[in-house]
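Peer 1: Top line first, the protein sequences correspond to chains A and B.
The numbering of the first sequence is our numbering, which starts it at 18 and goes up by one.
The numbering of the second sequence is our numbering, which starts it at 18 and goes up by one.
Think of the hints as simulated: they come from the structure by calculation, not from any bench.
Check each hint, because a few of them may be wrong.
[Unchecked claim] Counterexamples of contact, computed for chain A against chain B with all Cβ distances above 10 Å:
(1) P24
(2) G39
(3) Q47
(4) A99
(5) T117
(6) G130
(7) E239
(8) I372
(9) P381
(10) G423
[As the list claims (entries may be wrong)] If you want the footprint, here are the derived chain A segments under chain B, 3+ residues with CB under 8 Å:
(11) 74-82
(12) 152-162
(13) 264-275
(14) 473-483
(15) 508-522
Here the structure is a predicted model, which means the values were calculated and not measured.
Heads up, the beta-carbon is just placed ideally off N, CA and C, and yes, glycines get one too.
There are 2 protein chains.
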Amino acid sequence: MPADVFPVAVGGVWQPSSDAGGTFTAFNPQTGEVLPGEYPVSGAADLEAVLAAAAGATTALQAVPAEVRATFLERFADLLEADADALTRMAHHETALPLTGRLLQNELPRTTGQLRQAAHCVRERSWVRPVIDTQLGLRSMFGPMHGAAVVFGPNNFPFAFNAVSGGDFAAAIAAGLPVIAKAHPAHPGTSRLLAQHALEALRATPGLPTGTVQMLYHLPPELGRRLVSDRRVAATAFTGSRTGGLALKGASDAPSIPFYGELSSVNPVVILPGALEERLEALADELFTSCTLGSGQFCTNPGLVFVPDGAAGRGFVAALAHRFAAAPPGVLFTRDAPPHLEEVVGRLQGAGAQIEAGGRASGPGFRFSTTLLSVPGEVMVQNPQVLGQEAFGPVCLVVLVRGMEGFQAALSILEGNLTGTLYSAADGTDDALYAALAPLLRVRVGRLLNDRMPTGVAVSPAQQHGGPFPATTHPGFTSVGLPAAITRFAALQSYDHVRDARLPEELRDTNPLGIQRCVDRVWTAEPLSQPGDHHG
Amino acid sequence: MPADVFPVAVGGVWQPSSDAGGTFTAFNPQTGEVLPGEYPVSGAADLEAVLAAAAGATTALQAVPAEVRATFLERFADLLEADADALTRMAHHETALPLTGRLLQNELPRTTGQLRQAAHCVRERSWVRPVIDTQLGLRSMFGPMHGAAVVFGPNNFPFAFNAVSGGDFAAAIAAGLPVIAKAHPAHPGTSRLLAQHALEALRATPGLPTGTVQMLYHLPPELGRRLVSDRRVAATAFTGSRTGGLALKGASDAPSIPFYGELSSVNPVVILPGALEERLEALADELFTSCTLGSGQFCTNPGLVFVPDGAAGRGFVAALAHRFAAAPPGVLFTRDAPPHLEEVVGRLQGAGAQIEAGGRASGPGFRFSTTLLSVPGEVMVQNPQVLGQEAFGPVCLVVLVRGMEGFQAALSILEGNLTGTLYSAADGTDDALYAALAPLLRVRVGRLLNDRMPTGVAVSPAQQHGGPFPATTHPGFTSVGLPAAITRFAALQSYDHVRDARLPEELRDTNPLGIQRCVDRVWTAEPLSQPGDHHG
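Given the sequences, and given the hints that come with them, work out the whole structure.
Peer 2: Written out as C-alpha cells, the structure reads:
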C-alpha cells in the first residue's frame, strides 16, 4: 500500500492496510468531484487481522466491569461533541446532507445521546432482564454472546447508523462484544474521524482490551461474506440494501450466526377520506416535507401512499404534484444512485404507474428530480412485486383506491415494512374504516403511526425500528431503542442452583445493584425476602 | 389411500390423507414388533391443505380474545389428564419409556402443567412486555407474528415436546399463531391420541378458528423443506437431530423465516478434585443414574464428563465402569438407533477413546448396552470434532485432564451446549479452580449448574433450555420456560401517537388489565398518572 493511503483500525490502533485490495475515494455528491484522501479496500489479510484482534478481546471484554464500558461510551460521546464542527463539515461534504437542521442540530446530538443512553443501560443493567424463580433455584439473565459483533453501516446516516458510532455499535459494546465495524464507502472521511475518536476513547479508558474496536472502510463482496460467516463472529447487524443484505445473510446463516438485517421499506401511508376532506393542503405539505427530507433517503421515507379515488384523492395528487414539480432535484449519496432511480421509476411506469412530476436524473453532482407517481389501486394489486418495491430517494407513489374493499385489497398485498401510518379525521368519521384497516397494517409493520409522518425515529425504550421481512430479517428485534436493541447481541443464560457468591451481581439474593428484577413473576427492586432458603 | 390408514388433522378435523406418500407403522422398541395401525406419509396435497387451513386461520386467530385461547389450552390439558391411562400406555408401547416414574407421574403432568402455564401467560399478558414512553408518545409490546407456526417434535418426549401438545405448541398458541404440527414418526399412535384431544378442545371452544390446529405424521425430507420455506409460515420450532435440523434451517433461512432449532448437546460435566475426593461414590451414582435415565435419550444427557487425571479420577472411572457394566442394555426409540450408536462408538474409539463398559447393540428389540468410554484430555483437545459429538443414548465419555491447564484447554474447545455443570467441594477447596473455569463454561452453555446433573428441565420463567450453536440455532431464545418461550413467535410492535382508544388494552393509559408495564423505564402496574397529557 502506498504510504498516503489511510490506515485501517485494528486492535485499537491505526495500522496500514496490508493487502492489495486497491483503493477508493469519496465524492462530493453536490458537485460530483472527488474529495481528497485515498482509502483502502481491504483484502484477506486485513480481514484476518480484525477477526483475530476482536477474537482476542472477546473473553477479556466479558470480564470488564460494566462501569468501564459505560465510561468508554460516554467518553466517546464527549469527544464527538467536542469535534462537532469538523465532523459535520466532513459529513456534509461527503453526503450533501444539510449541515444545519440535520447534521449539526439533529443527527450528531442523536448519536451522542444514543451512546449516552447505551452507557446508562450498561450501568443500570435492566437490559439483562434478571428473572428469579426462588422455588426451583433457577435464575436467568442476558449475558454477552461469545464472539465479535460485525456492524455494516448504511449510506444514509453518517453518524447515527455509522458502523463505528451508531446504534448497532453502541448496542454491541453495551452487550459486551468487541466490534468489527465495516464503514460505508460513501463517507469514509466521516468514518475515519469517528473511528479516531473511538480509538482515543478506548486509549483513555484503562481496562478495555485493545481489540474492542476495529474498522475497515471497504470490502469486496466475497470478503464480506467470509467475515460474517467466520466462527469468531457472534452476530452481525446490517443496514443497507436488500440485495447486499441477503447475500451476507446467506453466508451468515450457513454456520448459524445470527444476522440482523434492515433491508428495505416503503412505509405505507394510508389517508382516510375524512382526513383528506378535513386537511388536504396540510397533508400535502406534510407528505411533501417528509418525502423530500434528506432527499428521501430515509429508511422510513413514505414511499407508498394510499388515498381514496375520487375528486379529493385526485385533488390531493394535484396538490402534491404542484409541490414536487416546484422542488429542486434532491442530491443523492452516490454516483450510481440517479441512474439506478431512473431504472426503478422506469419499472414503475412499465407496471402502470404514471409520472405526475419529476422522474429524471440531473446535474451537477448526483441529483434526481423530486418525483411523484400515481397508480390506480386495481393496477397496484395486480403487480405488488414491482409497484411495491423501494425507490431509495425522493420518489413517492400515490395509489388511488376505491372504497373499503380497495383499501383492504391494497393493504393485504403489502410486504413487511418498518412503519405504517393511518391518517384519520379528528371528528371520528373515519373510525369505522380505521377499525377495519388498522389490523391489516398492524401485522405488516413494526411501528404503527397515527396522523404523523414516519420519518424521524426516536431513540426510546418503546421504539420498534424493525418489522416483518423484507423490512428486516426477524420481526422480533429492533435496531433503534435501548435497551431492546442490545438483546440482539445477548445470550440467554440461566443458573441452576449456582451458589449465591458465584452468581453475577444482578442475580444475587441481596440485589446489591438495587435493580428491577422479575422475582417469582413480579417485578421488584427488593432483595429476596429470605436469602438462601431457596437453595434446594 | 386405503380406508384403514389413519387420517391427518387439517382445519380442526380429521381428513383422509390425500396423496400417495405411502404409509408407515410404529414399533414396540422392547420387542421390535410392529404395532397395529397404519399411518400416512403425507405428500404435496396434504402439505397444501395444512398450509391453506393455517393461513386461513391466521388473521382470525389474531382477533380472538386472549381468554378464548387460554380456555382452549386449559381444556386441552383437562382432556389429556382425563385420558392419562390410554395416553401413557400408548406412549409406553411406542417408546419403551417407563410408565411409572416417567410417563405417568412425570412427563404427562409436566405437559399439562405447561399447557396451563401457557394459559396463565395468555391471561396475565406479561409475555407481551408492554413498554411506554410517555414523553415521546411511543408504546410497544409483542404481538403475534403473522403466519403459521410449524412445530417439529422429537422422538424423546412423546408428550412434553410433542409437536401437537408440547412446549412449542403451547407457546405458539399462546402467542396467537395457528399450528402445523409435524409429529415424530416414532410415536404416531401417541400423537394421534394427543391430536384427538386437541381437536376436541378446539371444537369445545367457540370462537377459535378451525385452522388453529393441524397435524401430519410424517413428511419426506423435501416436503419438510418446502413446508418451512412457505411464506404462509411465520416461524418454525424444531427439536431433533443436527443433520435434519440444519437441512430444514437452510430451507427456512432462504426466505428469512425464523427457524428455532434445538440440535444437539453433550452437556459437559466438570468434576473438580475436591468434589471427587469428598464424594466419589455418590457422584458415580448420580452420574450413572442421569446417564441411563430414559436410556440416555435426553437432550440434557451428560455425555461428556471431565475429571482430574490421577488416582481419584481413575477410581471414579472404575466406579462408573462397575455400574455401567452391571446395568441392562438401554432400549432405544428406533430400529436404526442401535447400529447408529455402534458407529458413533466406533468413531470415538477410532479417535482414541477406550471402552470401559458396553459398546454393543443387542436384542430383543432396539437395545444398546450401557456404555462408558474414557479418553485422556490431551487426546480430546486434538480431536474435539469427533470426540465432542453427541451420542444419543446411554453413552458417556469421561475425559481425564491434567491440572488447571488441562481443564482450561478442554473447556476452551467445547462447542455450544444446552447445559454445563460444575461439581465442587462443599468446603471451598475447589473455589479457585471454579473461578477460573466457570467463565469458560458459562459462555458455551445455556444453563450452568452447580452440583447436580442436568437431566430434568423445569418449566420456569427463569429457565434457559437453549444455548449457543450447535445446541440451538440462536443463543438468545429458550424452548422451555414461560413466558420466554412465547417470544420466539412474537413480533415487536410499536405504536407512535396512536389514539388511546385504538391501542391494545395492554398499552392504554388506564391500564385496564392491571398488568405490569415498563413505564418510563420503571416497572409498575399503575395506570399512567396523567392520562392523555403525553399525546404530543
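Peer 1: Take the hints in turn and mark each one as holding or not.
Peer 2: Hint-by-hint comparison with the structure:
no., hint, in the structure
1, P24, "32 Å, holds"
2, G39, "32 Å, holds"
3, Q47, "33 Å, holds"
4, A99, "27 Å, holds"
5, T117, "24 Å, holds"
6, G130, "13 Å, holds"
7, E239, "19 Å, holds"
8, I372, "31 Å, holds"
9, P381, "38 Å, holds"
10, G423, "18 Å, holds"
11, 74-82, "holds (count 3)"
12, 152-162, "holds (count 8)"
13, 264-275, "holds (count 8)"
14, 473-483, "holds (count 7)"
15, 508-522, "holds (count 10)"
Every hint, counting from the list given before, is met by this structure.
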